[in-house]
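Novice: Quick note, the sequences are listed as chains E and X, same order. As numbered in my numbering, residues 1 to 173 make up the first sequence, in order. As numbered in my numbering, residues 1 to 428 make up the second sequence, in order.
These are computed hints drawn from the structure, not numbers from a lab. For each residue, glycine too, the CB sits at the ideal point set by N, CA and C. Heads up, a few of these hints could be off.
[As the list claims (entries may be wrong)] With a cut-off of at most 27 Å between alpha-carbon atoms, the simulated BS3-like pairs for lysine-lysine come out as follows:
#1 E:Lys127 x X:Lys31
#2 E:Lys116 x X:Lys354
#3 X:Lys354 x E:Lys127
[Unchecked claim] Among chain X residues calculated to face chain E with C-beta under 10 Å, some are:
#4 His56
#5 Ile204
#6 Leu361
#7 Glu362
#8 Lys402
#9 Pro403
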Amino acid sequence: MSLTSGKSGLASGAELDHREIEAFLYEEAAMLDEWRLDDWFALFQEGGSYEVPQAGASDEASSSTNLFYISDNYFRLRHRVERLKKRGNHSEWPRSICSRMIGNVRLLDHDEGVCKVASRFITHRSKNDVTDMFCGHHLYTLSFASGNFKIMAKRTQIDMNTLRPQGRISIIV
Amino acid sequence: MSVTDIDRRETRISPYIIDDRERGLFRVARKSFVDEDILTRERDRIFNRCWLYLGHESELSKANDFLTRNVGGKEVIFNRDRQGAFHAFMNTCPHRGAMVEREARGNALAFKCFYHGWAFNNNGKFATRMPPGTYPDDFNSDGCANLRSVPKLAEYRGFYFLNYDAGAVSLETYLADARSILDMLCDHGPDGMEVIGGEQKYSIRANWKLLMENSYDGYHAIDTHGTYFEYLADAIGGAAEMPAETHVWNLQNGHAAIEGNAPWGRPVAKWIPAWGEDAKSEIAQIKRELVSRVGEEHANRIAMLGRNTGIFPNLVINDIMAVTIRTFYPLAPNNMNVSAWALGVKGESEGFRKRRLDNFLEFLGPGGFATPDDVEALESAQRGYAALDELAWNDISRGMLKPKFEATDEEQMRCFWREWSDRMEDRA
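In isolation and in its complexed conformation, chain E is listed as follows (with noise of 0.2 Å):
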C-alpha cells in the first residue's frame, strides 16, 4: 500500500466519519501511553496481525521474504502483550515513559466495511534516563461497522535509516 495511491479525502464516505478515525487513533495511542494494553489488544479483530519492519523498509516490505523486527500474527500479539504486563520483560519492567504524537491521518481507502487509514508519528521513550525517539509512519487496515472500528492489520514502519541508537523495539512503537 502506498500513501499516495487511493481514494483520498474524507468526502468520499459519507458514512465513515474523518474525525472518528482520528479519534480512534488518539484513543489508541493513549492506551498504549497508559499501558492499557488489554485495552489495546481488544482494538483487534480475531486473527488480526501487528507488524514492524526494518528501519527504512519499503511500504510494500513483506514479512515473508524481509527480515522484519515484528511480524506478529494473533496468537503471537497476544503473547507480546501478555509479556509487556510481566515483570520478567525486562526491558519494559520497571516500565518506560511513553508519549505517542500523532498527525497526518489520512483515510488512504475504503470500501464494504473496511478502510486503510495513515498517520505519521513520533513516539518517546523514556527508561534508565534516556530517551529515545522513533518516527515513521503507520498504516492501517480497519474494520467499521456502526461507528466502531476494529483492527485488522496494523504495520509500524519506521522512517529512520538504522535502529541506532535506539537498539530495540520493546514497547509498541
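Dock chain X against chain E, hints included.
Specialist: Below, chain X without anything else, positioned relative to chain E:
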C-alpha cells in the same frame, strides 16, 4: 573437534584476568569494560590484527554487485568486479578521503567519488583522465591513486573475512576448529546457505565483549528469558524444557561453542506441532535428504541440536530456532553497533522461508521476545561497572573444576577471555 579438556596451562594473574586453575576461579577485571585506554589497545591488538567477518558470498550474487559496510570501525566496499572476482576496498578516496560509494548496495562497473570526481574501476584501478601536466608523468606508478584494498581478504565456505594485518596467519589457520561449525551450517541444505531479508542494524549501550559473553551464555536463559519460555510452552503445546545433555566445544584461538537439544522447532529439521501436518511432511522430507547426504548420525546432530558459536573476537553464529549471524564493534567503551543477518537454506520453499523468519523473530532481534531483555541486562551491567573501585572483578568461574563442561557453565567465555588477554598482553 574434541570435548574441551581442562587446559593444562598454569594459573595466571594479569591486570585483566585471574585464571586460577587450582582453585577453579576465573575473574575478569571490570575496567576491561569501561577504560578508554583498553579500548585503544583493543583496536590495535585485536581489531587491527584478527580476522573480522565481512559478509556472505550470497549477498553479492552477480558480477559488479557491491555493498558497503563498516568492519572493525572502518568503512569498506565489498564487491565483485566485471569478471566476478571478489574484492574488499577501503571506502575512502585516496585523494582527500571522502567515501567513494555511499549507497548500501547496488551494481556498478565503477565507483566515483562525488567530492572531486576521482573514478575507479570496480577492480580498484584509478580511471580518471587528467590533462597532461596536471600530475607527474609517473603518477600512480606506485598505485597511490587506486582504491586501497584491505590488507587481506579470504573466505571459508562462502563466509568472507578481512584482516587489517598483512602479516596475519591464514583464515583457515585462524578459524581452527570453528571451521567445523561453518561446515555444519553449510550442510543444512544441498546447495548451501544464503543471507535473507536484509540486515538488522541496532546498537547497545554496553561494552562489546558483553554481547559476546551473552551470545553463548546458557546460564542466563531461564532467568533472563523466562517470558520467552512461557510463550514457547504455549506455542509448542508443552513444557519448554532446556536440554539435559549439552556440550561445550573449545574451538581453539578463542573460538568456542555450546551445543544442545533445545525445546524450540528448527527449520532444519526439527518439527513442532504448532507448524501443522503439512510442515511435518515437508520437514521429514528435508530430514531424509539430509540423512542421504551426510549420514544419519551427522544429520541428527545438524537437525536436532542447536549451537551458539562465538568466533573471536566479534562474530556470533547462532544456529538455534533460526540461524543468525551477528557482528558488533565498539564506538566507545560503553557503546557498540550491532549488525545481524538471518541465514536460510538456498532453494527452500516460500512457506518454509516464512516459517524460518517467524521463528527468528520470536526470539531474536530488536523486536523479539528475548533480545531486548539481553540488551537491558548488558546495559544494566555496564551501569553497574561504574562501581569498579568498590567491586573490581566479574566472576566467570562457573563449572571450572568439572570434568565435563555444560552449556550452563562459563567455559566458553573463559576460552574468549584467555585469548583476549593473551592478545592484550602480547602473548598471542
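Novice: If you take the shortest Cβ to Cβ gap from proline 403 of chain X to chain E, is it below 10 Å?
Specialist: 34 Å, violated
Novice: Under the criterion of a CB-CB separation shorter than 10 Å, is histidine 56 of chain X in contact with chain E as hinted?
Specialist: At 14 Å from the nearest chain E Cβ, histidine 56 of chain X fails the 10 Å test, so the hint is violated.
Novice: Taking the least C-beta to C-beta distance, is isoleucine 204 of chain X closer than 10 Å to chain E?
Specialist: 5 Å, holds
Novice: For the pair supplied as a hint, lysine 116 of chain E and lysine 354 of chain X, confirm whether the alpha-carbon distance does not exceed 27 Å.
Specialist: Given that 27 Å is the threshold and the Cα spacing comes to 25 Å, the pair holds.
Novice: For the pair we were handed, lysine 127 of chain E and lysine 31 of chain X, check the Cα-Cα distance against 27 Å.
Specialist: Holds. Lysine 127 of chain E to lysine 31 of chain X sits at ~25 Å (cutoff 27 Å).
Novice: Does glutamate 362 of chain X pass the interface hint, meaning its C-beta sits closer than 10 Å to a C-beta of chain E?
Specialist: Hint on glutamate 362 of chain X: holds, closest Cβ of chain E at ~7 Å, below 10 Å.
Novice: Holds or violated: is the Cβ of lysine 402 of chain X closer than 10 Å to a Cβ in chain E?
Specialist: This interface hint is violated because 29 Å lies over the 10 Å limit.
Novice: Does leucine 361 of chain X meet its interface restraint, that is, does its C-beta lie within less than 10 Å of any C-beta in chain E?
Specialist: 5 Å, holds
Novice: Given the hint that lysine 354 of chain X pairs with lysine 127 of chain E, test it: the Cα-Cα distance must not exceed 27 Å.
Specialist: Judged against 27 Å, a Cα distance of about 34 Å means the pair is violated.
Consistency with the previously given hints fails for numbers 3, 4, 8, 9, ordered from lowest to highest.
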